[in-house]
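Undergrad: Here is what each chain is made of, one letter per residue.
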Amino acid sequence: MSDGNVGFEPRIVAFTCNWGAYAAADLAGAARVQYPAGLRIIRVMCSGMVHPGLVMETLENGADGVLLMGCHPGECHYQNGNEKARARSAVIEEVLLLMGLEPGRFRLAWCSSAEAERFAGIVRETEEALKAMGPSRCRTPIDSNSESVQCL
Amino acid sequence: MALLNTEGGSLGLLDKFEILHMPMLMDHKYFGLPYNSCEIDIPKAEVGLISGGITDEMRLRIAEKMRRQCSVIVALGTCAAYGGIPASIDSFEDEELFGGSRRGAEETDSETNSVLDVPKFLGRTFALDEKIDVDITLPGCPPHPDRIAAVLESVINRKSLDWPLKAVCDSCPAKREGKGGVHKIRRFVKNARYQVNKPLSEMRCLLEQGFLCMGPVTLAGCAGTGGGLPRCIEARVPCRGCHGPVRKGGNQLLDILNALASNGIDTKDLAGRFLPHLFCGARAGLAGRRSVRTAPEF
Amino acid sequence: MLRQTEAARSPVFAKEIIIEPVTRIEGRAKIGITLDDTGSAARVRFHMTSMRGFEKFLVGRPAEEAPGILACISGVCPLQRHLAANQAVEGCFGTKVPPAGRLLRELSQVLAHIGSKTLHFFFLAGPDYLVDSNRYARNIFGIVGQDPELAKRVMQTRYRAQMMLEKLAGRCIQPDAIVPGGFSRPMSCLERDELYAGALEQLEFAGFAVEFAKERVFPRLETELMRLGDIESGFLAMVNTEDGSLSLSDGALRLMRPDGSFHEFWGREYSDFLGEHVEPWSYSKFHYAQGWGEGFSMDLDNPLGIYRTNSLARINVADCISTPLAQAEFVEFRSRFGRPAQSTMLYHRARLIELLHCCEKAVELLEDPRITADHVRNEAVPREGRGVGCVESPRGTLIHDYSTDKDGFITRANLIVGTSHNLAPINMSVTRAARDLIRNGEVTEQVLNRIEMAVRAYNP
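Chains as they are written, first to last, in the working numbering: chain R, 1 to 152; chain S, 1 to 298; chain B, 1 to 460.
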């Protein structure tokens, strides 16, 4: 795995909740707080609306890592959406093991709208962890008509 | 075998069809004499029914030939539709799973023509539509004879099928009083609570009784087209999900775990050790079956 | 690539012959034959292409889930697989099944056998003897054309047998009502009455089937075709421990040698008597009687360790049959053909005797007042243990051997499928048939079908 890490830029997809993490990301941009270029942000209204299937699909389609970021416990705009996100994360972690993917490829984190630095820090930490892990084995395009097993 | 049970075992349906190739009942062979491995002989037909997932090269060749020869291909049964349990089993490495009970084709006698021996395993079990285009998907383990008959009728009459995409829960009359009392799934080591000789509508929902019932994430209609009750639940046994996901892209494993977790039920160990019967187990199905596309450019 | 037509009845000369798929059997199989320079069958191999090993998948699962997982692996003999799996789980957990549960399970078992045997005799094997040898008519549809009344009666009776099973056990092909500890729900009196009427109908049909076969099928089968696929072997089947009578659900195993002597043992001792042999050209295991201490050989002139299961074995190994009509047939069979009867074609007669017995048994079970009792399941309490479930399936003796840890999760599993026992014998029967029938490299479509008939007798 270590050879493949040279020059490896992890592709990270972050599901960020509108009221917390997304706002933080926005603030980070405005305040020129640096975070890795390999990040792609997907805005959702609440972290609690991210179905585990979305995370799996993201990984299956070649993301090296997925972040799910919602508001701190007790601060959810919709009362308890982030608690649902936490419950679902447990599901995601178990299924990752079944898929043969490293559990570290998925991370749940809390972030409020003012925490631009925290946001960037989480992304940087995630990138470091993924660099150590190497590219996801799902990285090659999925062609289900080919007989060689590309992924999983 | 379910085909034999259509229309009360009568021949009515079969009057409208001529069956040209059906290895269980008829003698048409893939290869004639002299033996020629290039071409599998399957007659041209309007409808081809294929059951079972694609596990080895021979089944792949047969499926591909049927696609070329038949106007309409029906994936018959959950294994053909979604891979079924054999596909879930394939999440293990070949050697680990089969050990001494199976060998790869590489070990055959080098002098022999390998087609005379066992066909080569493909690495995993594929759902039919991962390998060929499928026109109609008919899940079920096995599909109810009524639904098979309905599919065949729709082909004759050139009418598309319009089955509602509903979950088993929709057709289950069991009493719902709220899941609040369940925190952990119970093992099905004793019977559900119900009153003997009372109808199903007087029994409390099996999920609410704490059993792992796949009803919420499974397609309704396993009892046929006449509005019958879900077969397993009628037997007072939790639904196992054998009818496949409600919609084609659904992933029953993820959906049920998600539903349980969202309702505060502990899902630890459920995925691995309990493995909600993974009927849609074709590996790509672990993240839901989607149409083929390459990874997006970053 | 020429499609085989009736005009090509004249022999074809070929070095390699492949019969694929073997048709009119429930499993998937193929036969590969290589001819030598004299045009005789030099190498004959029978492969079951639908057989796979699933034991490893069970490891780590909660034991009570094993039957449900296994039931959906193949459509062949699912009820028996379900039953054996449940028995193995009950062995591990030390769970006893209440009487009503036992009766209901035994009823499901005989109903499943009835459906299978009717299917086999009339739909699968029957066309070989009932219609002329035109390949296109040699099937149930040919019977429909030739004798529509018979065909209609057969199809509808079989359908009703299947529906009886569905009503009883959940799904006619996968029986979810059979659960560790017993049955998932009791039978109501109304259901019992309906099933009873159905069982009487099935019994009447079975009687008809036996008479029909004696008139239309056996005369030919048991004379000119008697030597088809003929081999010598031992036999393995289950018997009741009390009286040595034929048993499908519960009892001890008897392993009989070709000379008629036998060992009787409990299912959990199977590994002392039965061994496994692996051939490089096959995915499947070949079972043999390692307890005889003679090793394994499929040589037709000197078979070693070879035994058969399934109908003929059950008839050979039993001392008697507990139901009167079948017992009468059994006595006739024994006096005409001896013990053990070796001719492969006798599987068909043996199978019909069993059909009669199963119908009589269904009626008997439904007459037992305990079958409608409320208490049908005892709680299966997970614990550490080992259990071996043994049942007789239409294909042969089914053995499920599990071990569990203290939480009731499976740590080890070994499965012997009914057909496994017969793999070596079928290979030998097919070899025998090919050697007898293929001369000077001449092969006709009819010869190939004869070779398949040697397979069909076993109902793999």
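These are calculated hints, taken from the structure and not from any lab test.
Careful, some of the hints might be misleading.
27 Å max Cα-Cα, derived DSS-like pairs, lysine-lysine [what the hints assert, rightly or not]:
1. Lys-268/S with Lys-15/B
2. Lys-152/B with Lys-198/S
3. Lys-16/S with Lys-56/B
4. Lys-190/S with Lys-152/B
5. Lys-406/B with Lys-120/S
6. Lys-190/S with Lys-56/B
Not everything, but these chain R residues come out facing chain S in the computed CB check (under 8 Å) [what the hints assert, rightly or not]:
7. Met-49
8. Pro-52
9. Gly-53
10. Met-56
11. Asn-80
12. Lys-84
13. Ala-87
14. Ala-90
15. Val-95
16. Arg-118
Residues from chain S that keep clear of chain B, each with C-beta distances beyond 10 Å, as calculated [claimed, not checked]:
17. Tyr-30
18. Ala-45
19. Arg-158
20. His-183
Idealized CB from N, CA, C, for every residue including glycine.
Undergrad: Each hint: holds or not?
TA: Hint check:
Of the supplied pair hints, the one linking Lys-268/S and Lys-15/B is violated, its CA atoms being roughly 59 Å apart against a limit of 27 Å. For the proposed pair Lys-152/B and Lys-198/S, the alpha carbon gap of about 37 Å is over 27 Å, so the pair is violated. This hinted pair does not check out: Lys-16/S and Lys-56/B have alpha carbons roughly 45 Å apart, beyond 27 Å. Of the supplied pair hints, the one linking Lys-190/S and Lys-152/B is violated, its CA atoms being roughly 42 Å apart against a limit of 27 Å.
As the CA atoms of Lys-406/B and Lys-120/S are separated by approximately 40 Å, the hinted pair breaks the 27 Å bound. For the suggested pair Lys-190/S and Lys-56/B, the alpha carbons sit about 26 Å apart, so the restraint of at most 27 Å is met. Interface restraint check: Met-49/R against chain S, minimum CB-CB distance 11 Å, threshold 8 Å, status violated. The closest approach between the C-beta of Pro-52/R and any C-beta of chain S is roughly 5 Å, which is under the 8 Å cut-off, so the hint is satisfied.
The interface hint given for Gly-53/R is met, as the beta carbon of that residue sits about 5 Å from the closest beta carbon of chain S, less than 8 Å. Checking Met-56/R against chain S by beta carbon gives a least distance of about 4 Å; that is within 8 Å, so the hint holds. Residue-level restraint check for Asn-80/R is violated (minimum Cβ-Cβ distance to chain S is 10 Å; threshold 8 Å). At about 5 Å, the closest approach between the beta carbon of Lys-84/R and any beta carbon in chain S falls short of 8 Å, and the interface hint on this residue holds.
Against a cut-off of 8 Å between C-beta atoms, the interface hint on Ala-87/R holds, since the closest Cβ of chain S lies about 4 Å away. Hint status for Ala-90/R: holds, given a least beta-carbon distance of 6 Å to chain S, under 8 Å. Because the smallest distance between the Cβ of Val-95/R and any Cβ of chain S comes to about 6 Å, under 8 Å, the interface hint for this residue holds. Interface restraint check: Arg-118/R against chain S, minimum CB-CB distance 25 Å, threshold 8 Å, status violated.
Under the 10 Å C-beta cut-off, the non-interface status given to Tyr-30/S relative to chain B is violated; the minimum distance is some 5 Å. With a least CB separation of 14 Å from chain B, Ala-45/S remains clear of the 10 Å interface cut-off, as annotated. Interface exclusion of Arg-158/S from chain B stands, the closest Cβ pair being 25 Å apart, more than 10 Å. At roughly 18 Å, the least C-beta separation between His-183/S and chain B is larger than 10 Å, which holds for a residue marked as non-interface.
The structure does not agree with the numbered hints 1, 2, 3, 4, 5, 7, 11, 16, 17 stated previously, though it agrees with the rest.
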